[in-house]
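Read top to bottom, the protein sequences are chains A and B. In terms of the working numbering, the first sequence is residues 4 to 246. In terms of the working numbering, the second sequence is residues 473 to 748.
These are calculated hints, taken from the structure and not from any lab test. Do not rely on the hints blindly, as some may be mistaken.
[Unchecked claim] Stretch-level coverage of chain A by chain B, calculated; a stretch enters the list once three of its residues show a Cβ under 8 Å from a Cβ in chain B: (1) 32 to 42; (2) 104 to 118; (3) 156 to 166.
[Unchecked claim] If the Cβ cut is set under 7 Å, some of the chain A residues that face chain B in the computed set are: (4) L27; (5) P28; (6) P29; (7) S185; (8) M230; (9) L231; (10) A235; (11) R242.
Everything numeric in this text was worked out from a predicted model, so none of it was measured. Heads up, the beta-carbon is just placed ideally off N, CA and C, and yes, glycines get one too.
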Amino acid sequence: MNSPSMSGPKGDPRELGGSFPLELPPSHVLDRLRAQMANEPPPIASSPSRRAKWLALPLAALLLLGLDVAVRHNSLLRADAGLLLGVCIPSAVAALLIAIVTTIIATSRGKSGLGERVSVLRWSALLVGPLSVLPMAFLVQEGTDHGAFEQHLDPWGLPCFAISLGIAAVSLLVLVRELRRSVPVAAGWRAAALGSAAGAWAGLALLLHCPSAEPQHLAVGHLLPIMLFPIAGMWVAQRFLRL
Amino acid sequence: MRRPASPERGRSYVVHTVRRGKRARASDLATSGLDRSTDHVGLHGRCGVTATMTMNAVWARGQSSEPHYTRGMDAGRLLVADESLKHDARAEELRNLASQAMNRYAAGDDRAFDDVYALLAPRLYRLCICLIGRTDADDLLQEVFLKMHRARASFVPGGSVLAWSFAIARTTSIDRMRHRGRRPEDATSNERLEMHAGGGHSSPEASSFGRALEDVFEQKLAALSESLRSAYVLVKMEGMSCAEAGEVLGASTSAIKQRVHRASEELKAAASEAGW
Chain A
4 MNSPSMSGPK GDPRELGGSF PLELPPSHVL DRLRAQMANE PPPIASSPSR
54 RAKWLALPLA ALLLLGLDVA VRHNSLLRAD AGLLLGVCIP SAVAALLIAI
104 VTTIIATSRG KSGLGERVSV LRWSALLVGP LSVLPMAFLV QEGTDHGAFE
154 QHLDPWGLPC FAISLGIAAV SLLVLVRELR RSVPVAAGWR AAALGSAAGA
204 WAGLALLLHC PSAEPQHLAV GHLLPIMLFP IAGMWVAQRF LRL
Chain B
473 MRRPASPERG RSYVVHTVRR GKRARASDLA TSGLDRSTDH VGLHGRCGVT
523 ATMTMNAVWA RGQSSEPHYT RGMDAGRLLV ADESLKHDAR AEELRNLASQ
573 AMNRYAAGDD RAFDDVYALL APRLYRLCIC LIGRTDADDL LQEVFLKMHR
623 ARASFVPGGS VLAWSFAIAR TTSIDRMRHR GRRPEDATSN ERLEMHAGGG
673 HSSPEASSFG RALEDVFEQK LAALSESLRS AYVLVKMEGM SCAEAGEVLG
723 ASTSAIKQRV HRASEELKAA ASEAGW
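The following block holds chain A by itself, in its conformation from the complex (with noise of 0.2 Å):
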């Protein structure tokens, strides 16, 4: 490589704005600093474009809904229950909607590539909790007549704990690897949002699954993950997410 000169490609960076002279700064940064990108391995793959993104997550919404349409006209899809189970559609569209609008806002990049406001993402890392209570009260509200059915559910919800543990994970993961390295900006709530929005999918996938309407089962089965993976994220996922 050529060494770089400080006129630069057209203009003299000197004017490159600010109120203050500046000056160049040693050669021997320049030096190291090519020895070591000569180490260096190649760059991580680009991540998907925000087109890509915008079409993905309609995409996603609709084959929620198209499954959610399946299961509640097949009960072979409901092994597991043995009978056909129906889903409040209200408390899945909130859940659905919530999902969405953390994971835009989790992920976004905006048009500096520096993502959103660190009061956006602790809004949405902090809200995404009391706003799941809302599909929630949908169903308890409606309740349901699977009663031969919910006599068999843990009545505090543990394996759906569980199973919302894991979908979380997996959420989280898929989420981060999107972030991975590339945005050097609240790297702690961001990573934090993240989590909200994968503590948002697995509340939506447990509300499609499980179809229990009692409040101690929802809080601790379904509500209580939605609450923990904000701070897993914050905790875990921040590391990976830093430049």
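Based on the hints, put chain B in the right spot on chain A.
For chain B alone, kept in the frame of chain A given last:
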């Protein structure tokens, strides 16, 4: 450095005043015919470079368009009376050049690194000095470019490479200071002397009386909290808009304005305590 041919009334200008043999004071604004009541007076300085009093002055409304900076300054002279660089077309053009070079670099053209380095290194080096001190600035700059190299594929085409690189520099400086458990004001006296010696831009006037102010400024700037210091450095010293600085720091525009205001107030208070 240039003077505007005919200053426009009510428009913001950056004015550097240096009084020969005397310390520049805020009262110089009044003697030069500027309206102090509407002025935002702030202190600026830079490690190792001319540190003088800088005033973001607003030309008095209702007065003639005569360039007032020629009036009442017989005891000294005005070094700069320049429009804010924030909206400078040339700066904008060069920012675009830097972004274009980064786009090529992100797309896999390794030769574009030369352009990226040539355009960004001086700006980033200055920022590194302000964030972490001159001693560690070399290592920080190297680490920042290495991180940019590793993450080049994730650069959003069309994004602001300046904001992106500044954000990397800021987070890297925080990590380094956290790792070492120190703040930039822990610089040794030798480092401080080195800072002074490194500034090749000092004028005789500035070196005669600017050093004390520079010391006060550097110490107080380094003692500010990280959020205040970063906001102040980006807006007041790097010439970014509050919106751009907000993107770099992940904060809203109003939050940046508040931080810059608080930092300016603290710096002014420190200068007042030191007798300026």
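Verification of the supplied hints:
Note: the region 32 to 42 of chain A has 6 residues with beta-carbon separation from chain B under 8 Å; the three-residue rule is met and the coverage holds. As drawn, the region 104 to 118 of chain A meets chain B at 7 residues by the rule of a beta-carbon pair under 8 Å; at three or more, the given contact holds. Counting residues of the region 156 to 166 of chain A whose CB falls under 8 Å from any CB of chain B gives 0; the rule of at least 3 is not met. The interface hint given for L27 (chain A) holds, since its Cβ lies 6 Å from the closest Cβ of chain B, which is under the 7 Å cut-off.
Taking 7 Å as the C-beta contact cut-off toward chain B, the hint placing P28 (chain A) at the interface holds, the least distance being around 4 Å. For P29 (chain A), the interface hint holds, since its Cβ comes within 7 Å of a Cβ in chain B; the closest pair sits about 6 Å apart. The interface hint given for S185 (chain A) is met, as the beta carbon of that residue sits about 3 Å from the closest beta carbon of chain B, less than 7 Å. The criterion of a C-beta within 7 Å of any C-beta in chain B is not met by M230 (chain A), whose closest approach is roughly 24 Å, and the hint is violated.
A hinted interface residue such as L231 (chain A) counts as satisfied when its beta carbon comes closer than 7 Å to some beta carbon of chain B; here the least separation is about 24 Å, so the hint is violated. Interface hint at A235 (chain A): violated, since its Cβ lies 21 Å from the closest Cβ of chain B, which is beyond the 7 Å cut-off. With a cut of 7 Å, the hint placing R242 (chain A) at the interface with chain B is violated, because the nearest CB-to-CB distance is about 11 Å.
Of the numbered hints stated above, those contradicted by the structure are hints 3, 8, 9, 10, 11, listed in ascending order.
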